[in-house]
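**Q** Residue 1 is where the sequence shown starts when you use UniProt numbering, and the numbers rise one by one after that.
Since the hints were derived computationally from the structure, they do not count as laboratory data.
Do not take every clue at face value.
[To be verified] Computed list of lysine to aspartate or glutamate pairs in EDC-like fashion (alpha-carbon distance at most 16 Å, straight line): (1) K41 / D101; (2) K43 / D101; (3) K136 / D99; (4) K53 / D19; (5) K43 / E26; (6) K30 / D148; (7) K173 / D72.
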Amino acid sequence: MIKVIKRDLLNNISKDRYDHTLRVVEVCEKLARTYGEDLEKTKIAALLHDSAKFSSKEKVFETAKLLGVLDDEIYFYNKEIIHASLGAKLAIDKYNITDKDILNSIKYHTTGRKDMSLLEKIIFIGDYIEPSREFKGIEEIRNLAFKDLDRSLLLALNANLKFLLEKEKLISKDTIEARNYLMIQNLNEKGGN
Numbered sequence: 001m002i003k004v005i006k007r008d009l010l011n012n013i014s015k016d017r018y019d020h021t022l023r024v025v026e027v028c029e030k031l032a033r034t035y036g037e038d039l040e041k042t043k044i045a046a047l048l049h050d051s052a053k054f055s056s057k058e059k060v061f062e063t064a065k066l067l068g069v070l071d072d073e074i075y076f077y078n079k080e081i082i083h084a085s086l087g088a089k090l091a092i093d094k095y096n097i098t099d100k101d102i103l104n105s106i107k108y109h110t111t112g113r114k115d116m117s118l119l120e121k122i123i124f125i126g127d128y129i130e131p132s133r134e135f136k137g138i139e140e141i142r143n144l145a146f147k148d149l150d151r152s153l154l155l156a157l158n159a160n161l162k163f164l165l166e167k168e169k170l171i172s173k174d175t176i177e178a179r180n181y182l183m184i185q186n187l188n189e190k191g192g193n
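Model the full structure from these sequences, guided by the hints.
**A** What follows is the structure, encoded as C-alpha cells:
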C-alpha cells in the first residue's frame with residue numbers, strides 16, 4: 001500500500017508538498033519509535049496527512065464540497081484546514097482505510113482535538129516540527145517532542161492560536177478543546193491551578 005500511496009502522491013501534489021510529506025514521515029517514524037507507536041500505521045497516516053492538499057485551494061474546496069466533507073461552518077471561512085478532512089475521506093474512498101486512528105490522525109493534523117490518541121499527537125507534532133519549518137520557538141518544541149509529547153503539543157497549539165489571533169483568522173473549536181484538554185491534564189498533574 002505504501003508504494004501505491006507514494007506513487008499517487010507524486011501524481012497529485014506538488015514536488016514541494018511531496019518533499020514536505022517525506023520529511024513528516026521521517027520525523028513521525030522517529031517519534032513512533034520513541035513512544036512505541038505502530039510504525040506501519042504511523043507511516044500511512046504521515047504519508048496521507050497532506051494527500052488532499054492539491055495545487056489550488058479552489059480544487060480542494062470543490063472536491064470537499066462534492067464529497068460532502070464541508071461539515072463544519074469554519075471550512076467556508078478558513079480554507080487552509082479543509083484538506084485534512086478531505087484527506088481522511090479520500091483515505092477511505094481511495095485506499096479502503098478503515099482504521100479510525102489513522103483516519104483521525106489525518107483529519108485532525110491541522111486542528112488537533114480533545115483527547116487525541118498517541119498516533120494523532122505524533123502526526124500533528126511531526127507535521128509541525130518537520131525540519132524545513134522555521135519560526136520563533138520551533139527549536140524548543142522540536143526538542144521537547146522527543147521528551148514530553150503532550151507538552152510539545154500544548155506549546156504548538158498555543159503558538160497556532162497566537163498566530164491565528166494575530167492574523168484575525170477563525171479558530172476551530174477542535175483546536176481550543178485540544179488546548180484546554182491538555183491544560184487541564186497539566187494542571188491536574190501539578191495538583192490544581
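**Q** Would the hint linking K30 and D148 be met if the CA-CA limit is 16 Å?
**A** With a Cα-Cα distance of about 14 Å, the restraint between K30 and D148 holds, given a limit of 16 Å.
**Q** Next pair to validate is K43 with E26; report whether the Cα-Cα distance is within 16 Å.
**A** 8 Å, holds
**Q** Given the hint that K43 pairs with D101, test it: the Cα-Cα distance must not exceed 16 Å.
**A** Holds: K43 and D101 sit about 12 Å apart, inside 16 Å.
**Q** Hint check: K41 vs D101, CA-CA at most 16 Å. Holds or violated?
**A** 8 Å, holds
**Q** Does D19 sit within 16 Å of K53, going by the straight-line distance between their CA atoms?
**A** 13 Å, holds
**Q** If you draw a straight line from the CA of K136 to the CA of D99, is it 16 Å or shorter?
**A** Not satisfied, since the Cα-Cα distance of roughly 35 Å exceeds 16 Å.
**Q** Take a quick look at whether K173 and D72 sit within 16 Å of each other, Cα to Cα.
**A** 10 Å, holds
Hint compliance for this structure: hint 3 is the single one not met.
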